[in-house]
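With the hints as a guide, bring both chains together as one complex.
Chains as they are written, first to last, in full-length UniProt numbering: chain A, 1 to 106; chain B, 1 to 617.
Rather than coming from a laboratory, the hints here were simulated on the basis of the structure.
All C-beta atoms in this analysis are idealised placements derived from N, C-alpha and C, irrespective of residue type, glycine included.
No false leads were mixed into what you were given.
In silico contact screen, one side only, chain B against chain A (beta carbon under 10 Å); selected entries:
{"id": "1", "residue": "Val-177"}
{"id": "2", "residue": "Leu-204"}
{"id": "3", "residue": "Pro-208"}
{"id": "4", "residue": "Ala-209"}
{"id": "5", "residue": "His-241"}
{"id": "6", "residue": "Ala-296"}
{"id": "7", "residue": "Leu-304"}
{"id": "8", "residue": "Gly-305"}
A few chain B residues that face chain A, going by a derived Cβ cut-off under 10 Å, partial list only:
{"id": "9", "residue": "Ile-173"}
{"id": "10", "residue": "Ile-201"}
{"id": "11", "residue": "Ala-206"}
{"id": "12", "residue": "Asn-235"}
{"id": "13", "residue": "Val-237"}
{"id": "14", "residue": "Ile-238"}
{"id": "15", "residue": "Ile-245"}
{"id": "16", "residue": "Phe-289"}
{"id": "17", "residue": "Phe-292"}
{"id": "18", "residue": "Trp-295"}
{"id": "19", "residue": "Val-307"}
{"id": "20", "residue": "Ala-308"}
A few chain A positions that, by computed beta-carbon distances, are all more than 10 Å from chain B:
{"id": "21", "residue": "Gln-14"}
{"id": "22", "residue": "Ile-38"}
{"id": "23", "residue": "Leu-58"}
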Amino acid sequence: MTDEMSTRKINSFQKQKNKQEMQRMVVSFALMIIFTLIAFALVMLEVPSTYVIPIILLLAFVQVGFQFFYFMHLKDKGHEVPSQIIYGGVFITVMVALTFTVITWW
Amino acid sequence: MGMTSAQKRGFGATLWDWLTTVDHKKIGILYMAGGGFFFLMGGLEAVIIRIQLMSPENNFISAGLYNEMITMHGTTMIFLAAMPILLGLMNFIMPLQIGARDVAFPFLNSLGFWLFLFGGVLLNLSWFTGAPDAGWTNYAPLSIQSPGHGIDFYIMGLQLSGAGTLMGGINFIVTIVLMRAPGMTYMRMPLFTWTTFVASILILFAFPALTVGLFLMMFDRMFGSAFFDAALGGNAVIWQHLFWIFGHPEVYILILPVFGVFSEVFPTFAKKRLFGYTAMVFATFLIAFLGFMVWAHHMFTVGLGPVANSIFAVATMAIAVPTGIKIFNWLFTLWGGSIKINSAMLWALAFIPSFTIGGMTGVMLASAVADYQYHDTYFVIGHFHYVIVGGTVFGILSGLHYWWPKMFGKYLHEGLGQLSFWTFFVGFHLTFFIQHFLGLMGMPRRYWVFLENQGLDTGNLISSIGAFFMSFGVIVFLINIILTTIKGKKAPRDAWGSGRTLEWSISSPPVHYNYKQLPLVRGLDPLWIEKMEGNKNMTPAEPVDEIHMPNGSILPLIITIGMTIASYGFIYQTGNKLWLIAVYSGMAIALISMLTRSLKDDHGHHIPKEELERIGD
Numbered sequence: 001m002t003d004e005m006s007t008r009k010i011n012s013f014q015k016q017k018n019k020q021e022m023q024r025m026v027v028s029f030a031l032m033i034i035f036t037l038i039a040f041a042l043v044m045l046e047v048p049s050t051y052v053i054p055i056i057l058l059l060a061f062v063q064v065g066f067q068f069f070y071f072m073h074l075k076d077k078g079h080e081v082p083s084q085i086i087y088g089g090v091f092i093t094v095m096v097a098l099t100f101t102v103i104t105w106w
Numbered sequence: 001m002g003m004t005s006a007q008k009r010g011f012g013a014t015l016w017d018w019l020t021t022v023d024h025k026k027i028g029i030l031y032m033a034g035g036g037f038f039f040l041m042g043g044l045e046a047v048i049i050r051i052q053l054m055s056p057e058n059n060f061i062s063a064g065l066y067n068e069m070i071t072m073h074g075t076t077m078i079f080l081a082a083m084p085i086l087l088g089l090m091n092f093i094m095p096l097q098i099g100a101r102d103v104a105f106p107f108l109n110s111l112g113f114w115l116f117l118f119g120g121v122l123l124n125l126s127w128f129t130g131a132p133d134a135g136w137t138n139y140a141p142l143s144i145q146s147p148g149h150g151i152d153f154y155i156m157g158l159q160l161s162g163a164g165t166l167m168g169g170i171n172f173i174v175t176i177v178l179m180r181a182p183g184m185t186y187m188r189m190p191l192f193t194w195t196t197f198v199a200s201i202l203i204l205f206a207f208p209a210l211t212v213g214l215f216l217m218m219f220d221r222m223f224g225s226a227f228f229d230a231a232l233g234g235n236a237v238i239w240q241h242l243f244w245i246f247g248h249p250e251v252y253i254l255i256l257p258v259f260g261v262f263s264e265v266f267p268t269f270a271k272k273r274l275f276g277y278t279a280m281v282f283a284t285f286l287i288a289f290l291g292f293m294v295w296a297h298h299m300f301t302v303g304l305g306p307v308a309n310s311i312f313a314v315a316t317m318a319i320a321v322p323t324g325i326k327i328f329n330w331l332f333t334l335w336g337g338s339i340k341i342n343s344a345m346l347w348a349l350a351f352i353p354s355f356t357i358g359g360m361t362g363v364m365l366a367s368a369v370a371d372y373q374y375h376d377t378y379f380v381i382g383h384f385h386y387v388i389v390g391g392t393v394f395g396i397l398s399g400l401h402y403w404w405p406k407m408f409g410k411y412l413h414e415g416l417g418q419l420s421f422w423t424f425f426v427g428f429h430l431t432f433f434i435q436h437f438l439g440l441m442g443m444p445r446r447y448w449v450f451l452e453n454q455g456l457d458t459g460n461l462i463s464s465i466g467a468f469f470m471s472f473g474v475i476v477f478l479i480n481i482i483l484t485t486i487k488g489k490k491a492p493r494d495a496w497g498s499g500r501t502l503e504w505s506i507s508s509p510p511v512h513y514n515y516k517q518l519p520l521v522r523g524l525d526p527l528w529i530e531k532m533e534g535n536k537n538m539t540p541a542e543p544v545d546e547i548h549m550p551n552g553s554i555l556p557l558i559i560t561i562g563m564t565i566a567s568y569g570f571i572y573q574t575g576n577k578l579w580l581i582a583v584y585s586g587m588a589i590a591l592i593s594m595l596t597r598s599l600k601d602d603h604g605h606h607i608p609k610e611e612l613e614r615i616g617d
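The shape of chain B in the complex, shown without the other chains (with noise of 0.2 Å):
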């Protein structure tokens, strides 16, 4: 490998490396390209929806498949784009910003992509047959009476990627806390490192309540047992605790890291160090606790009692405190810094009052009271989208932005950049600020029509408008990869000539062991320190010395085949019992490989000396 790794290979024999790969940096290009293809699913779905709604009784899609539509885009946008996009960030990011050579659990970590790439994929083989209907909330008992087989590929799916996730999250957790480089203690870490300690643990304790709730329901409709049925002594409502137990963390999930990455970019394009750290290490760990113990602010208006919907209102304002510091912080970092305008910069910028106002209408929302108003209507719809589109989105993109020099080696260009933000955060207002007044006007969401002449023509036409600049802007975007990666001006190691942190000391793209010698860290923003003493690069902790890397496996690939076989059968085995064959032939392959990955030792390779000396730095 290493310099050889560089002449040209066959397709199979790139393939074949893709395919086995331990790598945590291509890993985390997998899962960022595994998202992003997802995110164009879910975009697809989500401009259906806009043109069924453009105007009064459209009939563009009948009214079983925009269910079909609604509940895709929500649950793909969630699970399959947002989610993997972040965490092929952290995959490639986190190791470098902590001078790590991999992941704790390389194997592990293979596994857990191929696990959400499959998980993804069966979710959407059920176009073919009839997708998931009952929203992506898949609220009992609604879902349990669904016909078809659309919600069992919605629980097999998601069962299966959510394994992947919750093994990507005790991975970094391990990872962070065992393996960073020496002088690197808790509080040296990198903001987007914290952000990813944090949002892992928020994986490690949130996703078993979606697991535990997707087994009931499996069980319920595949096997005749009535947890959520009340005919039979069952409770719907467990089925709403449990997911939101869930998914209220998930939201979190989906913004900590990027409260991450507007910490990192901020700095970089202000020239100056983050202002508050402790505080924004701190906020960050009142929101991952706050997080678990709002969750009922989705369900005021189920009837829990005036005194649950009080504590759970009280809990739900708190988290504005926290988030407030984290915005001010922000602020206080951009004051007075000697400030570089570019597309990274301009996405994180726009960030910031595009997030303030989903947030201020999250307080709205958790006033319980006003709640009874706002609940299920398109209020809802404006109040998240602003939190995941001009939180979540306008994040990976400008992490992409910025980080694209380090993983690819080349900058993505200037001008089609600010050409797709503006056109997409033109279009994401346009879409989603009149939302806000569709549902105060009393406009349900989730609805396929909605009536002539009621004061929502006009609004729906624009928020449909709307829809189709964000579409132009994305696919600027596209255009923008593709022209970048056939002539894009090359990168230096630090490629923004402002990097402060460890990333930035390696060559862009890394070599597939990150650091020859690991770096000795010497305090916050360790490069910065160097570059203010004059010194070119970090000054090394160890001699050069042989390097110990894993090697390439096959088995979570076929692990993930396995499990998937098994869970079509599961999903087929309710009409015909000849499906089982499927359940058990693919549990037995993947058993067998798990069996065969943990009797066949795998001691790795190691890098000699020799080869890294002549390579150079």
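In isolation and in its complexed conformation, chain A is listed as follows (with noise of 0.2 Å):
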């Protein structure tokens, strides 16, 4: 009987995670869109360059942390190899591109 109890219990708890989730889920994908649209206008408006590329990076950047954080579940508990992992690919990417702009295009 208390063990059926607790299972109903835990049950619930997990239903509200799960629909906090979800609301995440749907907020941030829901500003992934925003921000696409964003940086389209900003294109289609002809906004001078010197202003639309830094706002579309900046978009761009806060796009990725959304992919990553909760599409890909990186801020998740239990999730800490596979974050290390993509932190490492992150980090050499990062470090490439900076080395291309510096030596090879600059």
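See the structure below:
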């Protein structure tokens, strides 16, 4: 009897958590779509490129964050190893891009 | 399966079994067999190169064929011989060492193998119509302007086998993260498993650079883009960057696993636990980390500027520190041990001085200023053969002798093993030591001939004689394998009597589900701990229960065949658009097979408890 009670409690707790998670997913998904629309709008409205480029880069950066933390679960417990491997990949990519910028294209 | 698999089966059934297998042990053997075949191909090419360079102004092969020979020798040895044999060892041994019944993605494992094999075969088919001839580094713009389809074969062949390797790497990472036996914490993993893990991470990060580079090259050569064409605003140096961003981690992918092999061989035959286990693990990570920020040391003479050169020179020299830590740890493992010398141990012992010489010349090359003198000379050839042969090949041979009884249930013949070791070892130093001096005297690499009386004659002759010694050693090793297969001495579980890790706790060769009961790991060197407490075997972590195993599948082979047909189409569609039929039909075969795989549920099979109890252990 008590067993059943506790499992039901855990279930409702889990349900609550899942609901929260879903809400966050939807919010971040909506934000990502809005960001994309903003980026397109800026280009279509022919805002000078001095503003457009940094804004788009900023939006892209935030969007990558959403992607990693919400959709790829990097923020969750039990995802430490995949997170570290992805951070490693990000580190190497950034370093390569930086090196290319400095010694090849500059 | 199980008991019944011991019964004799027809040739067709056996072949079908190997073509459809998803068993990590069989795939490991396939990798080693495929890699071994390409090793012989690459060795043959090496001997042809050395015959050509045996005497001044020799005319054994033509200049064009010589270029093809050096390109194929390098490409074959790195991509199709050394790496697959290592992947084979990892495939076979690593799941046993962590107490797993298979890898995380058995289907993917099989697909990875077939992609490697068909990529290699595709590359070698180029011999019939003209092989790639721009060196294994395939530098643009030379590779862009190379006529014929040789370079196209290089691009498509490496793209296929590279995809296979990437799958292997991801598979190993997931396997090690998720499938360790109860009690096997990260810091209780054997060093070979650790180096497999780190090498797999390197594969994961390094191979995409090659993939991108190859795609850009493919578009430049086949579809008229101009990424590397300076005349149209491209930049040929980008190829060099991409190639070496991949290429430098690649050499660590080749060396780290054999560091793991030595870290297993030394403790076993010195009967001592590995000295400095923790330091070894961190040194491995440090090497991997630094390995990503040194690629430009291959490009010192490109003209990156003094600041870039200095940064990369310092980073390169820093790698000597973790590597030195490893060398000293192996020496301290040997120190005071009760050392047993056999062929596995001989290869490992010979590795230490040989590899250290290679490391030393590496630090010399790392000095950007001095590199202007060494660049593109035989000094470089001497250096990287000391690390790749003296490191990777010695390690592979050590590992093969060490694990052969585990993999095939029979010991390799000791006398033949020592004969092949001594001839190969002497031949290796004869061939490559003198090349350092040839390089310092100014002999450039990749030249078809050298002139008489410039002080290069004797050195080259000695080098070629060494190559014959090495060939003899390899042939003896092959004879050893054949003799052992026919009538080798049977090996027990703990084949060397002093095994420390989990693979020695199960039968030789292991049953297809590896562990009837998953073992409970109580510390580093789990089998040794049990033996020291008087237990004959591992303590099980679970009761005997039915075992869930994956089903075999022919789909990986069909996917690969489709991809290969498509690759052939890509290569030849530049001349005749009818070849696009091959592209589309090949891709269709591959995609339909993938769809079949996705839509058809395959839950694997269960080995019932009764059968397991009947077998005993």
